[in-house]
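*Asks:* Below are the chains, spelled out letter by letter.
There are 2 protein chains.
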Amino acid sequence: MQSIPESLHKLIDEFTHFPGVGRKTAQRLAFHVLKNSREKAELLAKSIRDVKEKINYCSQCHNISEEDPCGICTDPKRDRSVLCVVEDAMDVIAIEKTSEYRGLYHVLGGLLSPLDGVGPDALNISGIENRLEDVEEVILATNPSVEGETTAHYLTKLLKSKDVNVSRLARGIPVGSDVEYIDEATLARALEGRVTV
Amino acid sequence: MQSIPESLHKLIDEFTHFPGVGRKTAQRLAFHVLKNSREKAELLAKSIRDVKEKINYCSQCHNISEEDPCGICTDPKRDRSVLCVVEDAMDVIAIEKTSEYRGLYHVLGGLLSPLDGVGPDALNISGIENRLEDVEEVILATNPSVEGETTAHYLTKLLKSKDVNVSRLARGIPVGSDVEYIDEATLARALEGRVTV
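Chains C and U supply the protein sequences, listed in that same order. Those letters in the first sequence? Residues 1 to 197, by our numbering. Those letters in the second sequence? Residues 1 to 197, by our numbering.
Be a bit skeptical, because a hint or two may be false.
Since copy identity is lost for identical chains, a pair holds within one copy or between any two.
[Unchecked claim] Cut-off 25 Å, straight-line C-alpha distance, at most; resulting in silico cross-link-like pairs (PhoX-like, lysine-lysine): (1) 54 with 35; (2) 54 with 97; (3) 40 with 54; (4) 97 with 77; (5) 46 with 35; (6) 40 with 97; (7) 10 with 52; (8) 97 with 10; (9) 24 with 97; (10) 24 with 40; (11) 54 with 24; (12) 10 with 35; (13) 35 with 97; (14) 160 with 52; (15) 46 with 10.
Derived from the structure by calculation, the hints contain no laboratory data.
Next up, chain C with everything else stripped away, as it sits in the complex:
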């Protein structure tokens, strides 16, 4: 369109590739860049480059990190007897926010999905077995979805022969929710896993 300069058009296009960003939102984001000072735009461009240049994967837990091994793996205050297996780095952030967990992590980098052609070799699964020496418990914290359950099932079978306890995140009603509006599957799980008071 004649009314949008070429370079702005390109930036809008770039933003439409972001998750959850449509044409209209992309336009608003691009105009924000345009309205900002040159210094701020420079800072944003630098941050984008830095993220790709500085961040790598920790060779032990496969979490994203600027150092290798990462800060969690090298932290002496962490409990090395517990290993929490998650899908990706965002799950690590979510669990860290609870301040409840003091063990180590193992990031799979995805979930098993045979229909999409994602088998065990595409994930960081083989690395787990080499990390079990001091581990007493493995917590499988994959999503309660079909792929998450499949992955958890596969890992449970894999770890059966090893000398570790395997646990799974509790399923039940979320805090602050309303029993009336909870779906049957979740409510059934909550009943099944009820806790004596």
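Following the hints, position chain U against chain C.
*Replies:* The following block gives chain U in isolation, referenced to the frame of chain C:
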């Protein structure tokens, strides 16, 4: 937080400054950059720089443009007898999308807002008077808000002494809407401006 690398943290911070982007969305956007290839991140960083470096304001209509004067001002097919006054470049894009308007534009770069200290000198208002030579009609296309109406009122008074017709965008019910749910003010305007069929 230890679980988020410093450079990723910075990028998330940058994204939270965007309009309509909260912490969670910023995190999703930053992770999208991280998951993308280095080439794509490089392309995005370049686009951001380009927008600030290449885009300037047209000295005639004050719209954003890579050339001066802009493509609309220099287009010989444009009707030079009509001038449409808008708040900013996004309004130009919106009006261009209708393919209904073939005249020129005049971008104010804001709206009068005495409470926020925005007076006529802060806007591109004085430039209008120098552009009226061939103009027969000035369309005031500012928003139907308090600031938009104030600005339109100011411009109407300013243009009164000049030999031009001044018009305002029609107010009424939006296409595809439901009379039942339209607010009173809009419905009153629609009744007032009713058209004989």
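*Asks:* Starting from the hint list further up, note which numbers the structure goes against and sort them upward.
*Replies:* Violated hints: 6 and 14; rest satisfied.
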